[in-house]
Amino acid sequence: MKILHNQSQLKRVLYIGIGNVIIGFGSLFTTASQYLVALGGLGLVYIVQYFYTKNRVMVELTPDFIVFNGLFKKKTIHVDEITAYKYFAGDHTITSKDTTIVIDTNLVDKATQDELKAYFDSLQLK
Numbered sequence: 270m271k272i273l274h275n276q277s278q279l280k281r282v283l284y285i286g287i288g289n290v291i292i293g294f295g296s297l298f299t300t301a302s303q304y305l306v307a308l309g310g311l312g313l314v315y316i317v318q319y320f321y322t323k324n325r326v327m328v329e330l331t332p333d334f335i336v337f338n339g340l341f342k343k344k345t346i347h348v349d350e351i352t353a354y355k356y357f358a359g360d361h362t363i364t365s366k367d368t369t370i371v372i373d374t375n376l377v378d379k380a381t382q383d384e385l386k387a388y389f390d391s392l393q394l395k
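For the sequence shown, the working numbering gives the first residue as 270, with consecutive numbering after it.
Worth flagging that the hints you see were computed from the coordinates, not collected in a lab.
Note that CB positions come from ideal geometry on N, CA and C, so glycine has one too.
Where hints are given, some of them may not hold.
Said to hold, decoys possible - Label pairs and their calculated CB-CB ranges: (1) Ala307 - Asp390: 39 to 49 Å; (2) Leu305 - Pro332: 50 to 60 Å; (3) Thr300 - Ala353: 52 to 62 Å; (4) Ala380 - Ser302: 38 to 48 Å; (5) Ala307 - Ile351: 43 to 53 Å; (6) Pro332 - Gln382: 41 to 51 Å; (7) Asp390 - Gln278: 21 to 31 Å; (8) Val348 - Gln382: 19 to 29 Å.
Generate coordinates for the entire structure from the input sequences, incorporating the hints supplied.
Put into structure tokens, the structure is as follows:
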């Protein structure tokens, strides 16, 4: 099962990026402070982040392993190697001997939160 990023939060990132680009590049044509030009570059970073994570899988859950795709690094935990699991304040924390994965449910797409909870409930039974 593939868990995507929260789409409404990604849309906010896109809107903030567009607003920063408008302010930053608009300040090039006015006598505003030159520091506002940097907002254009920052806005471009936000827009690139939106398109990079829009259809990218955040967490992939299979019966054998859990794969968490971070921004720069992919973490994998085999289900048989899980030493501890904790759910507290909306965070699923999965720990093995070598790695720890923290899945924040605020960043998970709302449509797949029930599937995520059901998967970890089934792991608790094993």
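Structure-based check of each hint:
1. Ala307 - Asp390: 39 to 49 Å: Distance hint for Ala307, Asp390 holds at roughly 47 Å.
2. Leu305 - Pro332: 50 to 60 Å: Holds: the Cβ-Cβ distance is about 52 Å, inside 50 to 60 Å.
3. Thr300 - Ala353: 52 to 62 Å: The hint (52 to 62 Å, Cβ to Cβ) holds, given that Thr300 and Ala353 are roughly 59 Å apart.
4. Ala380 - Ser302: 38 to 48 Å: At roughly 43 Å between Cβ atoms, Ser302 and Ala380 fall inside 38 to 48 Å, so the hint holds.
5. Ala307 - Ile351: 43 to 53 Å: 44 Å, holds
6. Pro332 - Gln382: 41 to 51 Å: 20 Å, violated
7. Asp390 - Gln278: 21 to 31 Å: Holds - the Cβ-Cβ distance for Asp390 and Gln278, about 25 Å, lies within 21 to 31 Å.
8. Val348 - Gln382: 19 to 29 Å: Given a distance of about 20 Å, which is inside 19 to 29 Å, the answer is holds.
Going down the numbered hints, you'll see the structure goes against just number 6.
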